[in-house]
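Based on the provided sequences and hints, a complete structural model is requested.
Here the protein sequences come in this chain order: H and B.
Residues 782 to 974 (my numbering) make up the first sequence, in order.
Residues 13 to 332 (my numbering) make up the second sequence, in order.
Keep in mind that a hint or two might mislead.
Said to hold, decoys possible - Each pair of labels, with its calculated beta carbon distance range: (1) B/Ala271 x H/Glu825: 29 to 37 Å; (2) B/Val141 x H/Asp865: 56 to 64 Å; (3) B/Ala302 x H/Ser832: 44 to 52 Å; (4) B/Leu308 x H/Gly939: 43 to 51 Å; (5) B/Arg272 x H/Ser942: 30 to 38 Å; (6) H/Gly931 x B/Pro254: 40 to 48 Å; (7) B/Gln257 x H/Asp865: 15 to 23 Å.
As the list claims (entries may be wrong) - With the Cβ distance kept under 10 Å, some of the chain H side facing chain B (calculated, not the full set): (8) Ile790; (9) Ala791; (10) Pro881; (11) Ala882; (12) Glu885; (13) Ala888; (14) Leu890; (15) Arg900; (16) Pro927; (17) Pro928; (18) Leu934; (19) Glu945; (20) Phe955; (21) Glu956.
What the hints contain is simulated information worked out from the structure, not anything from laboratory work.
Because the structure is a prediction, the values reported are computed rather than measured.
Quick reminder that beta carbons are idealized off the backbone N, C-alpha and C, glycines included.
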Amino acid sequence: MKDGRDEQIAKLMKEGLDHYALGEAPRAVACWRRVLALDSEHAEAQDYLRSAESDEDPGGTAGTEAPVTGDLLSDARAMMRRGDLREAVDLLESLVGEDPAALEAQAFLDLARARLVGRYRERVGRGEQALRMRVSSAEVLKFNLPPAAGFLLSRIDGGTSIDELLALSGMDPFETLRALAGMLDAGIVETSA
Amino acid sequence: LIGAERSLLSFVDAPVVVGDPDGRCVYVNPAFENRFGVGEAASTGKPLGELFGGGAREAVLRAVAEVCARGRSERFQLREAGIGYAAVASPIVAQDTRVGVVILLKEEVEGSERMLAILREIQDPLDEVQSTLDELLEQTGGRRNPRHRAELEVALRAVTRLRKWVDELGSALSGAAAAGQSTWQPAEVLHHVAARFEADVGTGATRFELLVPAALPDALGDGTKLEAMLLRLLRDRFDADPAPQTVTLGARTTGRGDARAVLISLTEQHAAGFEAAAVELPPLVREVVASCGGELHVAVEAGLGRVTLVRIAAPVPASG
Chain H
782 MKDGRDEQIA KLMKEGLDHY ALGEAPRAVA CWRRVLALDS EHAEAQDYLR
832 SAESDEDPGG TAGTEAPVTG DLLSDARAMM RRGDLREAVD LLESLVGEDP
882 AALEAQAFLD LARARLVGRY RERVGRGEQA LRMRVSSAEV LKFNLPPAAG
932 FLLSRIDGGT SIDELLALSG MDPFETLRAL AGMLDAGIVE TSA
Chain B
13 LIGAERSLLS FVDAPVVVGD PDGRCVYVNP AFENRFGVGE AASTGKPLGE
63 LFGGGAREAV LRAVAEVCAR GRSERFQLRE AGIGYAAVAS PIVAQDTRVG
113 VVILLKEEVE GSERMLAILR EIQDPLDEVQ STLDELLEQT GGRRNPRHRA
163 ELEVALRAVT RLRKWVDELG SALSGAAAAG QSTWQPAEVL HHVAARFEAD
213 VGTGATRFEL LVPAALPDAL GDGTKLEAML LRLLRDRFDA DPAPQTVTLG
263 ARTTGRGDAR AVLISLTEQH AAGFEAAAVE LPPLVREVVA SCGGELHVAV
313 EAGLGRVTLV RIAAPVPASG
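Encoded structure:
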């Protein structure tokens with residue numbers, strides 16, 4: 782879990798810098814705020830955020846003590862409106878991970894999940910299709926898959942249909958479809974002919 | 013039955029059956045379905061007596077006949093699946109002047125006590141089986157005989173599972189329920205709600221998506237009330253004009269330890285251009301959620317949809 786979080790933090794730090802270099806300070810700020818939602822003590826993100834916010838607000842009226850959660854929730858809602866549902870889900874998951882009692886964020890997370898699951902279903906395809914491996918077991922190790930994906934992979938045999946995987950795994954159907962879509966995107970599995 | 017009466021009876025904890033003047037069932041509430049395993053769809057139109065077996069059937073028929081003939085309440089007792097119920101059959105005016113009947117069943121304490129007595133009877137032989145298996149393992153299941161040892165270990169694990177469920181049943185019958193700490197399995201209830209909704213109402217042109225895992229942590233409170241409430245909310249969503257394109261019933265776990273909770277959500281997505289308004293939930297819905305120690309929240313995102321979120325406490329049980 783921690784590896785996954787570190788990976789996400791590294792990705793967000795880099796994305797933030799890319800946006801900042803392109804002069805897109807607000808998007809850079811959003812990335813670094815998401816880092817702080819994952820790790821509130823992240824010194825580098827705090828530092829970048831201070832610099833970027835002072836660029837945006839030379840008078841210093843915004844300050845760094847702004848309610849980060851509220852801002853991030855607004856960012857997530859903006860992402861949803863733009864159709865960036867995966868990013869919105871990632872950000873909202875970070876927020877509710879920090880504060881599970883934040884019902885507003887939890888509700889928007891469910892809204893984003895409900896919309897995103899339709900996309901995952903489209904990506905995964907018809908439920909009666911089966912999936913099969915595209916890479917060898919040794920190659921799978923390179924992908925550093927989360928446990929849910931690893932578990933599903935152990936059930937993929939070229940004969941078990943997607944509907945059966947959803948039923949047999951017993952997992953949250955959203956997580957199952959998310960993992961399957963991710964493995965299809967990564968070329969780890971493919972639909973059987 | 014009019015909608016308001018139906019809704020009200022849906023929230024009653026005790027099993028309720030309503031019959032028409034011809035003695036046919038017109039309604040059973042969710043509590044009846046939970047106890048007797050017969051839902052509204054399967055029972056509507058059936059003679060009331062057919063909902064019960066053996067001696068209970070006779071008792072019900074006799075009471076219904078008395079109520080319809082004399083127009084006054086009749087008290088009687090019945091036993092179903094080993095549980096005793098004190099029943100009251102009361103007249104209701106239906107179809108102008110003809111009299112129908114409403115039967116309220118209250119579980120008798122003796123039912124629980126009898127089950128507790130049976131549980132106590134089970135404990136002794138269970139202890140004996142465990143001690144015999146332990147002894148056999150000690151005497152014959154050493155390294156020289158791995159197959160024998162493996163078989164004994166399987167039997168011992170089965171005894172451990174049996175003991176766990178005996179304990180669980182014991183606490184459900186006595187301490188936990190009495191202390192107001194009754195629990196329910198949200199995944200089971202939500203799958204049941206979805207199946208019942210699809211069977212009774214159908215989803216028409218609206219897509220219905222169920223995002224519920226096979227199991228969730230046990231939640232505190234009364235699942236029956238929430239089940240009835242969710243069914244009502246689902247029906248309201250599908251009856252809305254315009255109906256949503258997609259309705260999603262979802263559930264997941266959040267938080268840890270004492271703060272762990274189950275979140276149940278009902279999400280509506282409309283066609284492009286339709287702006288969902290923040291909906292005012294009926295006070296009864298809020299009361300039901302509050303009575304389960306839960307919280308309710310509604311969120312709307314213009315052009316994307318509306319979410320009704322219910323948070324129910326599901327703390328990690330103390331170990332030991």
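We went through each hint and held it up to the structure:
no., hint, result
1, B/Ala271 x H/Glu825: 29 to 37 Å, "holds (30 Å)"
2, B/Val141 x H/Asp865: 56 to 64 Å, "holds (60 Å)"
3, B/Ala302 x H/Ser832: 44 to 52 Å, "holds (47 Å)"
4, B/Leu308 x H/Gly939: 43 to 51 Å, "holds (46 Å)"
5, B/Arg272 x H/Ser942: 30 to 38 Å, "holds (33 Å)"
6, H/Gly931 x B/Pro254: 40 to 48 Å, "holds (43 Å)"
7, B/Gln257 x H/Asp865: 15 to 23 Å, "holds (21 Å)"
8, Ile790, "violated (21 Å)"
9, Ala791, "violated (25 Å)"
10, Pro881, "holds (4 Å)"
11, Ala882, "holds (7 Å)"
12, Glu885, "holds (6 Å)"
13, Ala888, "holds (4 Å)"
14, Leu890, "holds (9 Å)"
15, Arg900, "violated (12 Å)"
16, Pro927, "violated (16 Å)"
17, Pro928, "violated (15 Å)"
18, Leu934, "violated (19 Å)"
19, Glu945, "violated (13 Å)"
20, Phe955, "holds (5 Å)"
21, Glu956, "holds (8 Å)"
Figure legend: structure checked against the earlier numbered hints; hints not met, in rising order: 8, 9, 15, 16, 17, 18 and 19.
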